[in-house]
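Q: Sequence:
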Amino acid sequence: MEVRHATNPTDFKTYTTERLRKDFLIEGLFVPDQISMTYSHYDRMVVGGAFPIQEKLELADPDTLKTDYFLERREVGFLNIGQGTAVISVDGEIYELDRLDVLYVGKGKREVLLASKDSANPAKLYFCSTPAHKEIETRKMTMEQANPTHLGSLETSNERVLYKYIHADGIQSCQLMLGVTSLKTGSIWNTMPSHLHDRRMEAYLYFDLNADARVFHMMGEPSETRHLVVANEQAILSPPWSIHSGAGTSNYTFCWSMAGENYTFTDMDVVKMDELK
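In the UniProt record's numbering, the protein residues as written are 1 to 277.
Because the hints were derived from the structure by calculation, they are not lab data. The beta carbon of each residue, even a glycine, is placed where N, CA and C say it ideally should be. Each hint should be verified, as a subset may be incorrect.
Pairwise CB distance ranges (calculated) [to be verified]:
1. Val3 with Lys134: 23 to 29 Å
2. Val3 with Glu224: 23 to 29 Å
3. Pro148 with Lys272: 26 to 32 Å
4. Lys134 with Ala213: 40 to 46 Å
5. Gly92 with Thr14: 49 to 55 Å
Below, a list of computed lysine-lysine pairs in the BS3-like style, where the Cα atoms sit at most 25 Å apart [as the list claims (entries may be wrong)]:
6. Lys272 with Lys13
7. Lys56 with Lys140
8. Lys107 with Lys56
9. Lys109 with Lys56
10. Lys140 with Lys117
11. Lys66 with Lys107
12. Lys117 with Lys56
13. Lys109 with Lys66
14. Lys109 with Lys140
15. Lys13 with Lys277
16. Lys109 with Lys134
17. Lys140 with Lys107
18. Lys277 with Lys22
19. Lys66 with Lys56
With the hints as extra help, turn the sequences into a complete structure.
A: So, in structure tokens, the structure goes:
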């Protein structure tokens with residue numbers, strides 16, 4: 001597991017593009033028959049990807065976490081972004097996830113195994129894990145059950161559908177929140193005006209991009225913004241003090257996940273357009 005330390009907005013202003021990418025961009029999430037993980041010191045979130053084809057992969061990293069098992073003091077949310085069906089075993093109980101289905105697994109579950117139902121059509125599992133203070137039941141939610149909300153318009157290039165899975169009115173958790181936003185053809189902005197929430201961090205996974213397409217992810221303080229150029233199936237760590245907007249060279253889908261103090265989806269500080277620089 002790679003470990004990423006936190007920074008502050010004053011030092012951030014001096015970063016080169018190489019340093020920005022090193023600290024905030026996560027590449028290589030989906031390696032065949034491996035689990036790839038990044039441990040962020042922003043709210044102790046672990047961002048990971050699993051690409052099981054022939055092998056059954058166990059969610060574990062005792063050397064980094066210094067615990068007997070991964071979920072000893074954590075919770076985790078899995079999202080299948082692959083075309084094939086994922087098979088997740090949680091202490092022997094089997095759950096199958098089709099594309100854009102989500103599974104929440106709470107604190108205290110000892111063995112979590114990840115596999116694909118068909119090696120010829122494998123799943124891709126993106127996951128985010130955060131510290132947890134109590135045990136909450138394991139729960140699956142399909143895309144159709146995630147209360148899709150239609151937002152934006154084609155006139156402002158941000159027509160999109162928001163799916164909320166793990167949140168106060170959906171799958172319950174200790175602090176993890178997770179959802180998916182999918183942009184319609186012809187739309188490129190995932191949110192604008194931008195916002196931030198100083199009480200929690202956020203991670204973004206961008207996917208459903210063609211090989212030659214890119215998303216320009218905006219970050220930094222509103223008064224001095226920066227950007228990162230992001231390719232398909234790459235993730236971003238967004239600090240609590242940073243805005244997080246993006247514009248693509250085509251439409252795309254992204255998974256957003258949050259961790260921190262507050263557990264309210266609408267807890268955000270909107271940034272007016274004339275404040276952005």
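Q: Give a verdict on every hint.
A: Going through the hints against the structure:
1. For the pair Val3 and Lys134, the beta carbons lie near 26 Å from each other, so the given range of 23 to 29 Å is met.
2. In this structure, Val3 and Glu224 meet the distance hint of 23 to 29 Å, their C-beta atoms being roughly 27 Å apart.
3. A hinted range of 26 to 32 Å holds for the C-beta pair Pro148 and Lys272, which are about 28 Å apart.
4. In this structure the supplied range 40 to 46 Å holds for Lys134 paired with Ala213, their Cβ-Cβ distance being about 42 Å.
5. Range check, Gly92 to Thr14: Cβ separation about 51 Å, and the 49 to 55 Å hint holds.
6. Of the pairs offered as hints, the one joining Lys272 and Lys13 holds, with about 21 Å between alpha carbons and a cut-off of 25 Å not exceeded.
7. A C-alpha spacing of about 20 Å is found between Lys56 and Lys140, which places the hinted pair at or below 25 Å, so the restraint holds.
8. Taking the CA atoms of Lys107 and Lys56, the gap is about 22 Å. The hint holds against a cut of 25 Å.
9. A C-alpha spacing of about 17 Å is found between Lys109 and Lys56, which places the hinted pair at or below 25 Å, so the restraint holds.
10. Distance check on the hinted pair: Lys140 and Lys117 sit about 17 Å apart at the alpha-carbon level, within 25 Å; holds.
11. Of the pairs offered as hints, the one joining Lys66 and Lys107 holds, with about 15 Å between alpha carbons and a cut-off of 25 Å not exceeded.
12. This hinted pair checks out: Lys117 and Lys56 have alpha carbons roughly 10 Å apart, not beyond 25 Å.
13. Pair hint Lys109 plus Lys66 holds up; C-alpha atoms about 16 Å apart against a cutoff of 25 Å.
14. This hinted pair checks out: Lys109 and Lys140 have alpha carbons roughly 15 Å apart, not beyond 25 Å.
15. Between Lys13 and Lys277 the CA atoms are separated by roughly 13 Å; this keeps the pair inside 25 Å, and the hint holds.
16. Distance hint between Lys109 and Lys134 is fulfilled; the C-alpha atoms sit about 12 Å from each other, no more than 25 Å.
17. Between Lys140 and Lys107 the alpha-carbon distance is near 15 Å, which keeps this suggested pair within the 25 Å criterion.
18. Distance check on the hinted pair: Lys277 and Lys22 sit about 23 Å apart at the alpha-carbon level, within 25 Å; holds.
19. For the hint linking Lys66 to Lys56, the alpha-carbon distance of about 23 Å falls within 25 Å, and the restraint holds.
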